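Note that the protein sequences, when read in sequence, are chains A and B.
Each residue of the first sequence is one higher than the one before, starting from 339 at the first, in this note's numbering.
Each residue of the second sequence is one higher than the one before, starting from 5 at the first, in this note's numbering.
No lab work stands behind these hints, which were simulated from the structure alone.
Errors might be hidden in some of the hints.
[Claimed, not checked] Calculated pairs, BS3-like style, for lysine-lysine (alpha carbon to alpha carbon, straight line, at most 25 Å): (1) A:Lys394 with B:Lys98; (2) A:Lys359 with B:Lys152; (3) A:Lys461 with A:Lys434; (4) A:Lys526 with B:Lys98; (5) B:Lys112 with A:Lys359; (6) A:Lys526 with B:Lys193; (7) B:Lys152 with B:Lys193; (8) A:Lys359 with B:Lys193.
Keep in mind the model is a prediction, meaning the values are calculated, not measured.
What follows is the residue order along each chain.
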Amino acid sequence: MRIAIIDYGSGNTQSVKYALKRLGCESLLTSDKEVISTSDKVIFPGVGQASSAMSKLKFKGLDIFIPNLKQPVLGICLGMQLMCNFSEEGNTDCLKIFDSNVKRFKSTVKVPQIGWNTVFDLKTSLFDSINENEYMYLVHSYYVPLLATTVATSNYGINYSTAIKKNNFIGVQFHPEKSGSQGEVILKNFINN
Amino acid sequence: MLAKRIIPCLDIKDSRTVKGVNFVDLVDAGDPVELAKYYSANGADELVFLDINATKENRKTFAKLADEISQNINIPFTVGGGIKSVEDVDVLLKSGADKVSINSYAVKNPDFINQLATIFGTQCVVVAIDAKYVDNDWFVYLVGGRVKTDVSLFDWANEAEDRGAGEILFTSMDHDGTKNGFACQALEKLSQIVNIPIIASGGAGKIEHFNEVFKSGNIDAALAASVFHFNEIGIKHLKVELKNNNIPIRL
């Protein structure tokens, strides 16, 4: 099993690597297309700002490359948002894997949302052994609305997609690498399923 | 539903955890990595590490410590203390920190908040404010509480939010170390002024104090140090009690 973590200069990739290591799974932080496309699974992390992250992806030619990957790809946080059509954050055109826009939370709630929120309506094998309403760690100002491809929901003022899945692409808004033992179960499911 | 967070804070000096009472009289409270692992396994929602004698030489050691912590825990953590440049932040985030906390330097150089928010996103910028109630108002203090300013806590919090702070960590110097409870009134007012998460800090002594602070205003997290480090309050027990009081808590 070889897991590639896409390295495009968007913070905190190390935490994902360490989380996988704690599960006994070695991974490679890389932006090398050859290495990524020959890996068994790919993690597309991301923390930060959408437009600067897209610029970094474009600079490395990864914007065209990522949507064509054939193996399971897990987008985390900003990684999930970048897999959508367009983000209101910096009015950014994204990777267009999921047919949705990414919106900013309305100021009726505190923005950003920071902390542990529950996930429910869990629909895919990524959530095997995870109870409905389990807590996951989230930190974000923008969200993906509910879609036909939504496989987990959270509520913050409104119900929104906390996980989406289409073909080999899955995106999670929460950080499994920072969500304690239950987050580890999710990473294990991604590795094993 | 978003849960209220319980955050142990580890003050770090020369790679050891210490706790200041009213910011002086430091007492050794143990190895930070061991404490981090313990807290992470025992119900803490997040951890804060403050480098209380930050110097250039110490910066590298602290990044190394952040990396070690990140290898060992599976919950988010914030690091702070002496952060003065984009490079400082970049190194700490790359070492596995989720957020950075900035304090004195941001008061003197408010543009630094904008700069960090633009480059790294607002979600990783925590603005820490130490304040004291003097002559009927709350004033911001710098350099670990040693230097008074003429800046009002509420004005500064408001400005910090406008400039891109993602969270406010407010420590009441009047309450810190007293174990008589959090600065609930000031926190309540603060929560009406800003629309970003607020971490309450200073004054935790009993479980009841946590209950009070979450019931009095729209406070998102409560931070404490010695009551946790010396096991005067067990985090799991605290969280069960809070949940029994209908406060949304992750157990």
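(message) Output the indices of the hints that this structure fails to meet, ascending.
(response) Violated hints (numbers, rising): 2, 5, 6 and 8; every other hint is consistent with the structure.
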